[in-house]
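Protein chains: 2
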Amino acid sequence: MLNHPPQHHDVLIAAERIRAHAHRTPITTCSALDKRLGASLFFKCENLQKVGAFKFRGACNAVFSLSDALCERGVIAHSSGNHAQALALAAKTRGIPAYIVMPSNAPEVKKAAVAEYGAQITFCEPTLQAREATQERIIAATGAVEIHPYDNYEVIAGQATAALELLEECPELDVVIAPVGGGGLLAGTAISAHAHNALIQVFGAEPRNADDAYRSLRAGQIIPSDNPRTVADGLLTSVGTRNFPILQEHLAGIVLASESSMIEYMKFFWERAKMVIEPSAATALAAIAENQELFVGKKIGVILSGGNADLNRLPWL
Amino acid sequence: MLNHPPQHHDVLIAAERIRAHAHRTPITTCSALDKRLGASLFFKCENLQKVGAFKFRGACNAVFSLSDALCERGVIAHSSGNHAQALALAAKTRGIPAYIVMPSNAPEVKKAAVAEYGAQITFCEPTLQAREATQERIIAATGAVEIHPYDNYEVIAGQATAALELLEECPELDVVIAPVGGGGLLAGTAISAHAHNALIQVFGAEPRNADDAYRSLRAGQIIPSDNPRTVADGLLTSVGTRNFPILQEHLAGIVLASESSMIEYMKFFWERAKMVIEPSAATALAAIAENQELFVGKKIGVILSGGNADLNRLPWL
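Sequence lines, in order, name chains A and B.
Per our numbering, residue 551 is the first one in the first sequence, and the count goes up by one each step.
Per our numbering, residue 551 is the first one in the second sequence, and the count goes up by one each step.
Check each hint, because a few of them may be wrong.
Just so you know, same-sequence chains aren't split out, so a pair can sit in one copy or run between any two.
Straight-line alpha carbon distances no greater than 25 Å define the calculated DSS-like cross-link-like pairs of lysine-lysine that follow [claimed, not checked]: (1) Lys585 - Lys642; (2) Lys661 - Lys585; (3) Lys660 - Lys585.
No lab work stands behind these hints, which were simulated from the structure alone.
Isolated chain A (complex conformation):
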């Protein structure tokens, strides 16, 4: 496992490592959205990645970076979201056990998806304390290796492969933007973008209701969100300690999106691009719309983080 922030070289190793397991996702465009936003947008479709989200890249790279001896006892994470599925599938692909700690109130569909990949699920109270205590107990009993969803350099290197592929196919971008929760995707995106061209502006997109990365960058230190509420359920976590310095080094800024705008652009994208994206992915579209003066006339690469939306509970209905 990397013990330093990933360099471009490490991202190339990650790309090689996950090539046989992860999808090289397509890049798409949407002329109706270009017209509306006055820019040229290129969408890296991680909603079409395995498990429906970019998370598989990082989990896969982390799991396959472990030595045989280190990983034979399995890997572990506490997560109720896309990382749980991603780690479960990565472990299954490598043929090692995965232990997933999930809050007992996690949606049934997510429990089922993780179980389908053969992970051993342990349920606990829905508090961070309970999740961490449960995880520690299982690590003590099994010797499993923790794979943190974002505060992990191999995970960051894996997430960086999405922007790497995007820039291979669209080398002339002026701007690259990705949503930011814990900052794994955004940190990786920034590393790949600036290895390609130091002049590319890298922006993070964040819900106004969960704007810890925005406030942390302004303050020069991590200021976690306190129980934020946003429709973008993938962006509730606060930025991680390994992620924050990378964001400080690379970002042109964080642009914010309101809840109503995120829902509006999520629906617009479904309607016009005919693609299912999750609210976290729509955050980038809404943040561009709400900060249009920064983006007008530019060629913008957008990492669509995922497509795991709950079709029984659509936010515009």
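With the hints as your guide, set chain B onto chain A.
Quick look at chain B alone, frame taken from chain A:
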């Protein structure tokens, strides 16, 4: 305009004619659906076509097949669905007037879409009689040329270009399947499939609740549906007189789908393939599932007819 059923040669002319105007849509796969259905499915994504449906191919070919002299007074159709938008955009692209007769109770979103393409809309009572009378009145006043949504050989040749492209990229298909309403798409699909390989089995997929093509083929004559009700709003029309003999000549059969199965597979495709398809497109998936013995182990090309679903009224909610 063609005055005989299109041959492969006519389809190649249509493909050349619409090349600069229509999208060459991608072909996608969905391993979760392959696993569930026990077959290998290749989806021709006409949900990503202009106006969100295959209809643009036929309308575009018909409009551009007209002589300058014939079309300068414009084109006309009565339609509340995808053909209205398709014809409006095709006419706009050629720079001629489009007259669209719509029932007064058509959804606002459809009225707005047709108006956005610059068509002149005339509203009438929501009966076939009123629609036809209104259309005749406008033709008498303007000299506009009627472009029927399916009972038109140039339209059929245009719709045939979707399967032409599919088979160029997936030449080894055992089966090709498309939904059938008026039969423009299915007739065109059959012509292209058998020009490629006479051994390909061509199936139509039809809602059990609007099974006029199924019954007509059994009877050897057209038996229209009487006010059918199905979630697949694109498949309410009965098979056309120019379409029926082509279906008789080419089809291996019509396979039927229940309403609940269409809704189930529509949702499954959104969830797993992350693509928005309309109920008419899901008809093919549901019909394969309900007639699995015909399809198991085969390589199947599926024409996904479109993606114009009403996101405010999802059939599973």
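Structure-based check of all given hints:
no.: 1; hint: Lys585 - Lys642; in the structure: between (43 Å within a copy, 18 Å between copies)
no.: 2; hint: Lys661 - Lys585; in the structure: between (40 Å within a copy, 21 Å between copies)
no.: 3; hint: Lys660 - Lys585; in the structure: between (36 Å within a copy, 20 Å between copies)
Hint compliance for this structure: every hint is met.
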